[in-house]
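Asker: Protein chains in written order, with this note's numbering: chain A, 1 to 171; chain B, 1 to 171; chain C, 1 to 171; chain D, 1 to 171.
Please note that the accuracy of each hint is not assured.
One copy or two, it doesn't matter: identical chains are merged, so the pair holds either way.
To be verified - Okay, derived cross-link-like pairs now, DSS-like style, lysine-lysine, Cα gap no bigger than 27 angstroms in a straight line:
hint	residue 1	residue 2
1	Lys49	Lys162
2	Lys35	Lys120
3	Lys162	Lys66
Hints are computed from structural coordinates only; laboratory data are not their basis.
There are 4 protein chains.
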Amino acid sequence: MNRGHRLDNRRIRILVTGGTFDKEYDEINGRLFFKDSHVSEMLTLGRSKLDLEIRTLMMIDSLEMKDADRDLIAEQCRATPGSRIVITHGTDTMADTARVLATRLKDKTIVLTGAMIPYKFGSSDGLFNLGSALAFVQTLPAGVYVAMNGRCFAADRVRKNKQTGIFEESL
Amino acid sequence: MNRGHRLDNRRIRILVTGGTFDKEYDEINGRLFFKDSHVSEMLTLGRSKLDLEIRTLMMIDSLEMKDADRDLIAEQCRATPGSRIVITHGTDTMADTARVLATRLKDKTIVLTGAMIPYKFGSSDGLFNLGSALAFVQTLPAGVYVAMNGRCFAADRVRKNKQTGIFEESL
Amino acid sequence: MNRGHRLDNRRIRILVTGGTFDKEYDEINGRLFFKDSHVSEMLTLGRSKLDLEIRTLMMIDSLEMKDADRDLIAEQCRATPGSRIVITHGTDTMADTARVLATRLKDKTIVLTGAMIPYKFGSSDGLFNLGSALAFVQTLPAGVYVAMNGRCFAADRVRKNKQTGIFEESL
Amino acid sequence: MNRGHRLDNRRIRILVTGGTFDKEYDEINGRLFFKDSHVSEMLTLGRSKLDLEIRTLMMIDSLEMKDADRDLIAEQCRATPGSRIVITHGTDTMADTARVLATRLKDKTIVLTGAMIPYKFGSSDGLFNLGSALAFVQTLPAGVYVAMNGRCFAADRVRKNKQTGIFEESL
Chain A
1 MNRGHRLDNR RIRILVTGGT FDKEYDEING RLFFKDSHVS EMLTLGRSKL
51 DLEIRTLMMI DSLEMKDADR DLIAEQCRAT PGSRIVITHG TDTMADTARV
101 LATRLKDKTI VLTGAMIPYK FGSSDGLFNL GSALAFVQTL PAGVYVAMNG
151 RCFAADRVRK NKQTGIFEES L
Chain B
1 MNRGHRLDNR RIRILVTGGT FDKEYDEING RLFFKDSHVS EMLTLGRSKL
51 DLEIRTLMMI DSLEMKDADR DLIAEQCRAT PGSRIVITHG TDTMADTARV
101 LATRLKDKTI VLTGAMIPYK FGSSDGLFNL GSALAFVQTL PAGVYVAMNG
151 RCFAADRVRK NKQTGIFEES L
Chain C
1 MNRGHRLDNR RIRILVTGGT FDKEYDEING RLFFKDSHVS EMLTLGRSKL
51 DLEIRTLMMI DSLEMKDADR DLIAEQCRAT PGSRIVITHG TDTMADTARV
101 LATRLKDKTI VLTGAMIPYK FGSSDGLFNL GSALAFVQTL PAGVYVAMNG
151 RCFAADRVRK NKQTGIFEES L
Chain D
1 MNRGHRLDNR RIRILVTGGT FDKEYDEING RLFFKDSHVS EMLTLGRSKL
51 DLEIRTLMMI DSLEMKDADR DLIAEQCRAT PGSRIVITHG TDTMADTARV
101 LATRLKDKTI VLTGAMIPYK FGSSDGLFNL GSALAFVQTL PAGVYVAMNG
151 RCFAADRVRK NKQTGIFEES L
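If we strip away everything but chain A, and leave its shape as in the complex, we get (with noise of 0.2 angstroms):
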C-alpha cells in the first residue's frame, strides 16, 4: 500500500450463521433447506488468496435467530484472537444483529453481509456480496458494519427495506 496505509495481514475469520447465501433446493420435497455452507466454494472461485479461516456457528434463516443466537454469535467474536471478523448472516434480522454487536465489540472490525438469492440458485449476489465484505473487513477501522448492495454502512445506521430488499441508511 502507499506510504502510511497498510493492509492488515492477519488473518481474517469467517462466522458462518446461514442466511439465503446456504439455501438449497430439495429436489425430493420441493423446499428450500440448509446443507453446507457454500462460503468456502464461493472463496475457491473468486480465487481468494487471503489468510481466512472459517467457522460454521449455525444454518439458519435469520428470521429464527434468537437472543442465545447472537449471544452465541458475540461469544465467538470476541474469542476470535484477531481483529477481522466477517459474517454471513440472513439479511431479514442482519441490522438487528449488527446492532448486538455493536453494543459489545468495540476493538475489532466486523462485517455481516449475506445474499437476497442462494448461491446456489446461479443468479446470486452471494459472490458480489462476500467480495465487498472481505474488502472492506481489511480496510476499515474498528466497528460493526453491514455491507450489501455495494455500499457498506455502520450498524446503528442501516436498515433492510422490507419492500425493495435494499439495504438503507437508517437515521
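Keeping the supplied structure of chain A fixed, place chains B, C and D upon it in accordance with the hints.
Answerer: Frame of chain A, contents of chains B, C and D only:
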C-alpha cells in the same frame, strides 16, 4: 460509518478496458471475442446501489495494450471529476498499467481489477473481484491499487505470477 | 430419415402447466413462486429450430392440480390440430395426469416431462428433459408417455418413487 | 410402451470425440482447450437413469479430425456389442463423419450430437442436445443420424450452415 470514518459518497466512475472479464465465446467460429461489456449486468446481479458511472474506453486483451492506450486511460482518470475510479482490465498487463497510472495520478483512489475466467463462462471470479474493487475504492486513500484474489496491492508492489495466475506482492 | 422412416414435420404444441420446471425464488419473501414460464428461454438456449407453439394453461404445483385442471389439459390436447404434444408438468402427479390423458386421447403422441430442480437454479435437469421429450414426441407412435431421467414410460406403467425422486416402471 | 412399441432396453454406448461440447477455458493462457469429457457430469445433472457406457475415443476439435480418426470411430461402432450408439462430436465436420459412418454401418442406430457453446460456459445447448440424442437413439430404426437444434437428420441429408451455425436438411 462510525464517528471519524465516513465513506465517501461521491460517484464512482468505472472505466472499462476489456480483458478476460468481458470475453465471450463466438459460437460461429469457436473463438473468444469482445462484444459488449458485462460490467453493468454484473452490477445488477450484485444488486449494487452505489452511485456509479460506467465508461467503456476500449475492449481489448491487455496483451495488446499499447502506450497510447495507457495514455488514454490516464487522461480519462485525470478528466474524471470525482476522486474514486475502478478500472476493469486484462490481468496480463494490469500491473504495468497500474504503475503507469501511479506515476501520473496522485490525488485519486484508482483500483484496477479483472478476472481469470470470463464472466459469461459461469464459473468466473469476476463478480467477486468487482465487489472487492468497489469496496476498496470506497475505503482506501488516494493511490493506485490492484484488487485481485481478494487482496489489494499498491501499484508499485504487485506482479502477476505467470505460472499460477495469482497476483503477488513484488519487492 | 432413412427410407421408410420419416420424422413428422408438423408443428409440435407445448402445453405449460407449471411444476418445478418453472419455479423461481422470490428474493423479497424467500419463497418459491411462479411468475412466467421458462420454456421459451430454454428452447432458445437449446437453439431449437423445431416448429413449436407454446401455450400456458396454468402455472401450478402439480400437488395442487385438481380434476378440473386435468379436464382442461385433456380438452386442450383434443383441441390441438396437430398430433404431437409435449406437456410440462410438476413431477409429483405427472403419472396421474398421464393416466387420465391416456384414457381419453388415443390418436395423438403426448409426452409429459418436468424437472426435479427449477430451471432458474443453475443445476436443473430441465433442459435435458425438454430435449428428450421433444425427441420422443417426434418419434413415438400415438400414446401418452412420461419422459424423465432420459427414459420414456408408457402412461399406464410409470410411477415416481417418492423416496428417490426417480421415475420407475410400475407393474 | 404402448402395445406394439417397446423401447429397446439394451445398453447405450456413448462415444466421446471432443468438440465444442467439451472445451474449457485455460485461465493461465486464455485459450480454449480440452481436459476431460463433461458427458458424465451432464448425465448426472440430467438425472439420467439409462444404462449407459461412456468411452472417450479422442478429445479433438472436429476441424482437426482426419480419416484415421473416422476409421477409428467406425471401428468402435462396429465393435460395440449393442445396437444403440450416441457420438459426441464437434459440429464443424459432424455431417462428414455421419456420412462416413452411414456407408459402413447399416445395422445399428447411431446418433451424432454436439454443442455450439461449451458445456462449461453456462449457456450451453449441450444438455438439450444430449437429452434429445439419447431419446432419438432409443426410438429410431437402424441408421446414422445427426441430432441438433431439437431435430434429427439422416446422415445423407444434413449440413451445417456455416453462417448461422444451424443444421439444415441438405438435398
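Asker: All the hints need checking, so say for each whether the structure fits it.
Answerer: Right, here's what the structure says about each hint:
1. Lys49 x Lys162: Classified as between; 16 angstroms across copies, 35 angstroms inside a copy.
2. Lys35 x Lys120: both (12 angstroms within a copy, 20 angstroms between copies)
3. Lys162 x Lys66: within (20 angstroms within a copy, 34 angstroms between copies)
Checked against the numbered hints above, the structure violates none of them.
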